[in-house]
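Q: Letter by letter, the chains look like this.
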Amino acid sequence: MQEFLQYLFSGITNGAIYAVIALGFSTLYSATDLINFAQGEFVMLGALLLMTLWTQVSMPLWAAFPLAVLLVAAVGMVFDRVAIKTVKKPSPILLVLITVGASILFRGGAMLLWGKHSYSVPAFSSISAVEIGGAYLFPQSLWILGVVLVLVAGLNLFYHRTLTGKAMQAVAINKQAAELLGVASRKMTLLAWGLAAGLGAVAGVIISPITMSAYDMGTMLGLKGFCAAMLGGLGNFWGAVVGGVLLGLTEAMGVGYVSSSLKDAIAFLLLLLILYAKPTGILGKASSHRF
Amino acid sequence: MLEIRNLKCYYGRIRALSGVSLSVDQGEVVSLIGANGSGKSTLLTAISGLLPGWRGELLFEGESLAGLPPQEVVARGISMVPEGRLIFGALSVMDNLRLGAYLRIRKRDHFGVRQDLDKVLSIFPVLKERAGQDAGTLSGGEQQMLAIGRALMAKPRLLLLDEPSMGLAPKVVKQIFSTLSMLRDEGLTILVVEQNAQAALAVADRGYVLETGRMVLTGRAADLLEDEEVKRAYLGKDYAQFTEGRA
Numbered sequence: 003m004q005e006f007l008q009y010l011f012s013g014i015t016n017g018a019i020y021a022v023i024a025l026g027f028s029t030l031y032s033a034t035d036l037i038n039f040a041q042g043e044f045v046m047l048g049a050l051l052l053m054t055l056w057t058q059v060s061m062p063l064w065a066a067f068p069l070a071v072l073l074v075a076a077v078g079m080v081f082d083r084v085a086i087k088t089v090k091k092p093s094p095i096l097l098v099l100i101t102v103g104a105s106i107l108f109r110g111g112a113m114l115l116w117g118k119h120s121y122s123v124p125a126f127s128s129i130s131a132v133e134i135g136g137a138y139l140f141p142q143s144l145w146i147l148g149v150v151l152v153l154v155a156g157l158n159l160f161y162h163r164t165l166t167g168k169a170m171q172a173v174a175i176n177k178q179a180a181e182l183l184g185v186a187s188r189k190m191t192l193l194a195w196g197l198a199a200g201l202g203a204v205a206g207v208i209i210s211p212i213t214m215s216a217y218d219m220g221t222m223l224g225l226k227g228f229c230a231a232m233l234g235g236l237g238n239f240w241g242a243v244v245g246g247v248l249l250g251l252t253e254a255m256g257v258g259y260v261s262s263s264l265k266d267a268i269a270f271l272l273l274l275l276i277l278y279a280k281p282t283g284i285l286g287k288a289s290s291h292r293f
Numbered sequence: 003m004l005e006i007r008n009l010k011c012y013y014g015r016i017r018a019l020s021g022v023s024l025s026v027d028q029g030e031v032v033s034l035i036g037a038n039g040s041g042k043s044t045l046l047t048a049i050s051g052l053l054p055g056w057r058g059e060l061l062f063e064g065e066s067l068a069g070l071p072p073q074e075v076v077a078r079g080i081s082m083v084p085e086g087r088l089i090f091g092a093l094s095v096m097d098n099l100r101l102g103a104y105l106r107i108r109k110r111d112h113f114g115v116r117q118d119l120d121k122v123l124s125i126f127p128v129l130k131e132r133a134g135q136d137a138g139t140l141s142g143g144e145q146q147m148l149a150i151g152r153a154l155m156a157k158p159r160l161l162l163l164d165e166p167s168m169g170l171a172p173k174v175v176k177q178i179f180s181t182l183s184m185l186r187d188e189g190l191t192i193l194v195v196e197q198n199a200q201a202a203l204a205v206a207d208r209g210y211v212l213e214t215g216r217m218v219l220t221g222r223a224a225d226l227l228e229d230e231e232v233k234r235a236y237l238g239k240d241y242a243q244f245t246e247g248r249a
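Sequence lines, in order, name chains R and P. Under the working numbering, read the first sequence as residues 3 to 293, first letter to last. Under the working numbering, read the second sequence as residues 3 to 249, first letter to last.
Simulated from the structure, these hints should not be mistaken for lab results. Check each hint, because a few of them may be wrong.
Simulated coverage check for chain P against chain R, where a stretch passes if three residues somewhere in it have a Cβ under 8 Å from a Cβ of chain R [said to hold, decoys possible]:
| hint | stretch |
| --- | --- |
| 1 | 62-74 |
| 2 | 98-111 |
| 3 | 175-185 |
Computed far set for chain R versus chain P, every beta-carbon distance over 12 Å [to be verified]:
| hint | residue |
| --- | --- |
| 4 | 14 |
| 5 | 60 |
| 6 | 62 |
| 7 | 121 |
| 8 | 135 |
| 9 | 159 |
| 10 | 173 |
| 11 | 174 |
| 12 | 180 |
| 13 | 183 |
| 14 | 258 |
| 15 | 274 |
The beta-carbon is built from N, C-alpha and C at its ideal position, and this holds for glycine as well.
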C-alpha cells in the first residue's frame, strides 16, 4: 500500500507535466493542423531560462516564472513569423520537417548558451515532504498539480468564454469561413504558437526542481508529451489531460512493479498500442467535436 | 453600389473568369446564374477577398477592393454566405451567431450586436429554439438559416450568397428565398449566385448568366425567366416543349 501510494504520487506528478506538454501539442495542432516537434525544446528553454533568471540573476521566483514563460512564448511567435509564415508553398510534411530542424537549432543554441552542464534549481517552497500512509508527498508535486489545475481551468475559460478563444476554434474548424467573418486567421495562428510555446515553458519551469535541466532534456519530454497527446486524442483538450495523467501513472507503476529500465519504453509501447487499437485516441471522436 | 469591370481571375495559371462585368445597385436583388464550373463562385470569392491576384476593377461604393484581405472587406460592409454553408459544427448556434459579429464585438458595439441578434432570431425563430445546441446537429435548412443569420450579424450593406439552395428540399428553398426578398424590402442589397435559376430569378430584380468564365446574357429577371435560351439551359424545361411547333 505504501509503495502503491508512492508510485501514485510520482505518477500523477509526472502525468501532470506530460499533460501540459500535450496541451501545447494540441493547442497548436487544433489551430494549424501542425505537429510541432520542437515542443520539447520549449520545455527545455523554460527550464533553463528559469534557472538563469532565478538562481543566476537572482530574480524573485514570482517574477522569474512568468518572465521565463513570456520569453519562450515570444520565441514561439517569432519562430512562426520567421520560419513558418514565410514558407511559400506550405505542405504539412514540409512544415513538420521545419519544426524538426528548429528543434535541432534550439538545442544547439541552448548548448552554446548554457553549455553541456546539467543544472538544478531548488524546490519552489522549502517545506519538507508530507507523509501520507507511509508514502512521501513532496511540496513540489503540489506546486506542479496546482499550476496545472490553474492552467487547465484558464485554458478552458479561454476556449469557452472568450470571443478570441471561440474565434480560434472557428479558425481550427474552417479557416475560410472564419476569415469571411472578419477573423484574421494569421493572428490566431500566431497566438496559437505563443500559447503552445508558453505551455511548454510552464512545463519546463515546474519540472526544473525535480529533475536536472540541460540543453538536451527537451527531446524525451517532447516525445512523452506527444505520446500523451496521441493517447488522449490529438487536438482534444481533455484528451491531452487524460493522456498525460494516464501515461504518467502507467510509467510510475511499470517502473515500480516491473523494472525501472522500462521507464521510457512504456510511453512508446502505449503509443503503439493506441495507434493500433484506436488511432483517434481515447477521447478523440470521428465527430466534429474538438474541445 | 457594387461595380465590377472586366474582372479576370486565375487559379494558378488557369483562368476561371475572362473579363466579366456586373453591377449591383443599392436595394437590388441580383441573381447570377450558370452551370457548374462557369465561374460564379469564383466571382464571389474574388469580391470577398479570399482569392487575391485578380485583375480588372472591383468597386464597392466607389472604392476599390483591390488587395483587401477578407476581414477588411467585411469591415467595409460586404458579408458572404459561403457555398456549403461552412457553419462551425462544434460550436453552439449562439456562438456561431456571435462570431458573425466578431469585428463589431471587437469594436465594443455591444448594444448594436444585441439588437441585431434579436432581429436575426426573430427572422429565424428556429435558431432561438436551438440556441444552445451544437450547430452540427441542425438540419440542412436550419444550417443555411444559421449561415445567413451569421452573415447578417456583421450588419452588411451588401450580402453575397453562394448557392443557398444547395442540397435543400424545395419547400426550404422557397422559405430561404422569401427571407431574402423580405431582407431586400428592409433595404439590404443582395447578390445571389445560383444553379437553381428558377428560384433565384423569381425573387431577383435583375439577372446575369455566366458561361465558362464569360457573361453571356443579362437583363431583368422577369425577361430572363422567359428567355428561350435560359429556359433550355437552366430551367430544366423538357426539350420537347421547345421543339414542338417549330419543325
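Q: List in ascending order the numbers of the hints, as given earlier, that are violated by the structure.
A: Failing hints, ascending: 3, 10, 11, 12 and 13.
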